Amino acid sequence: MDEAAMNEAPIGDAAMDEAAMKGAEEMGVLDIAVAGGTGTLGRHVVEQLRARGHRVRVLSRGSAQFPVDLSTGEGLAAALAGCDVVVDAANSTAPRTVRATLVDGTRRLLEAERAAGVGHHVCVSIVGCDRVPMPYYKVKTDQEGLVAAGRVPWTIVRATQFHELAAGVFTATARARFLPASASVPLQPIAAAEAARAVADAAGSAPRNGRVEVAGPDRTDLRALATAWRATTGRGAVLLPVPIPGRIGRALRAGHLTESSPDARGTIGFAQWLEEQPRP
Numbered sequence: 007m008d009e010a011a012m013n014e015a016p017i018g019d020a021a022m023d024e025a026a027m028k029g030a031e032e033m034g035v036l037d038i039a040v041a042g043g044t045g046t047l048g049r050h051v052v053e054q055l056r057a058r059g060h061r062v063r064v065l066s067r068g069s070a071q072f073p074v075d076l077s078t079g080e081g082l083a084a085a086l087a088g089c090d091v092v093v094d095a096a097n098s099t100a101p102r103t104v105r106a107t108l109v110d111g112t113r114r115l116l117e118a119e120r121a122a123g124v125g126h127h128v129c130v131s132i133v134g135c136d137r138v139p140m141p142y143y144k145v146k147t148d149q150e151g152l153v154a155a156g157r158v159p160w161t162i163v164r165a166t167q168f169h170e171l172a173a174g175v176f177t178a179t180a181r182a183r184f185l186p187a188s189a190s191v192p193l194q195p196i197a198a199a200e201a202a203r204a205v206a207d208a209a210g211s212a213p214r215n216g217r218v219e220v221a222g223p224d225r226t227d228l229r230a231l232a233t234a235w236r237a238t239t240g241r242g243a244v245l246l247p248v249p250i251p252g253r254i255g256r257a258l259r260a261g262h263l264t265e266s267s268p269d270a271r272g273t274i275g276f277a278q279w280l281e282e283q284p285r286p
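Take 7 as the starting number for the sequence shown in the working numbering and just add one per residue.
It is worth saying that the hints were derived from the structure and are not from the lab. What you are looking at is a predicted structure, and each value in this text was computed from that prediction instead of being measured. Ideal placement from N, C-alpha and C gives every residue a C-beta, glycine not left out. Take the hints with a grain of salt, since some may be wrong.
Label-pair distances were calculated between CB atoms; the ranges are [said to hold, decoys possible]:
id, residue 1, residue 2, range
1, T99, L245, 49 to 55 Å
2, E117, V244, 45 to 51 Å
3, R61, G242, 44 to 50 Å
4, G216, V244, 43 to 49 Å
Starting from the given sequences, assemble the full structure and let the hints guide the process.
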């Protein structure tokens, strides 16, 4: 293990947790709004923040208490009144709505935060989004740019791909009896619950006006992940190397979705995470 890896903080490490709790105590109990607080990551962020004693508002279209629509801005003023921190974990992957949600929605969110006197905006983003020329990643990069150029103090937490995402992809493709399994695409996935701890750490601390990067414990590849998924689930599917041409393929093969020296590193690998999931 190199010196950088030895010095980074593992997520879940007792010393890191103690430091985070101490930082939260120094900041005091905060009123924190979580946009997208019912999603894959957001629900874990909400759990983490509440466990640390903060008062949390879950913002979503279907919320009974804090209904918010980022695509129009409806409900934001009332939902953010009196908030100290906003965590933006909202997401959309639909091509027709992704920019409206992540870019236009962020602009509306920052404007409402400014009007409400919110002192810290925490944006959830993706490791390497500015280095991989995929449409969704371009939107995330533009979202980061809005946050960094905005007038609300900020922290951007970049995470590698979630175990949940990899498992979801394999579940979907297994219906067609194959698993994408290229050994040339390095990945470093992390459990959403562990990424959420880093987001909660950021929300309970002073704004960095900078980025925090969090990554999974192991640098692996798509073929190894697919092999682990097939062995654990027992699903019959062929491992199929899927070539990715052009600039996107070159960026992925270069390892731009991994981070060798993250600020925080998860402890649960993909195979272990799979074993811990309830069986259907």
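Numbered hints the structure breaks, given as an ascending list | Hint 1 contradicted; others consistent.
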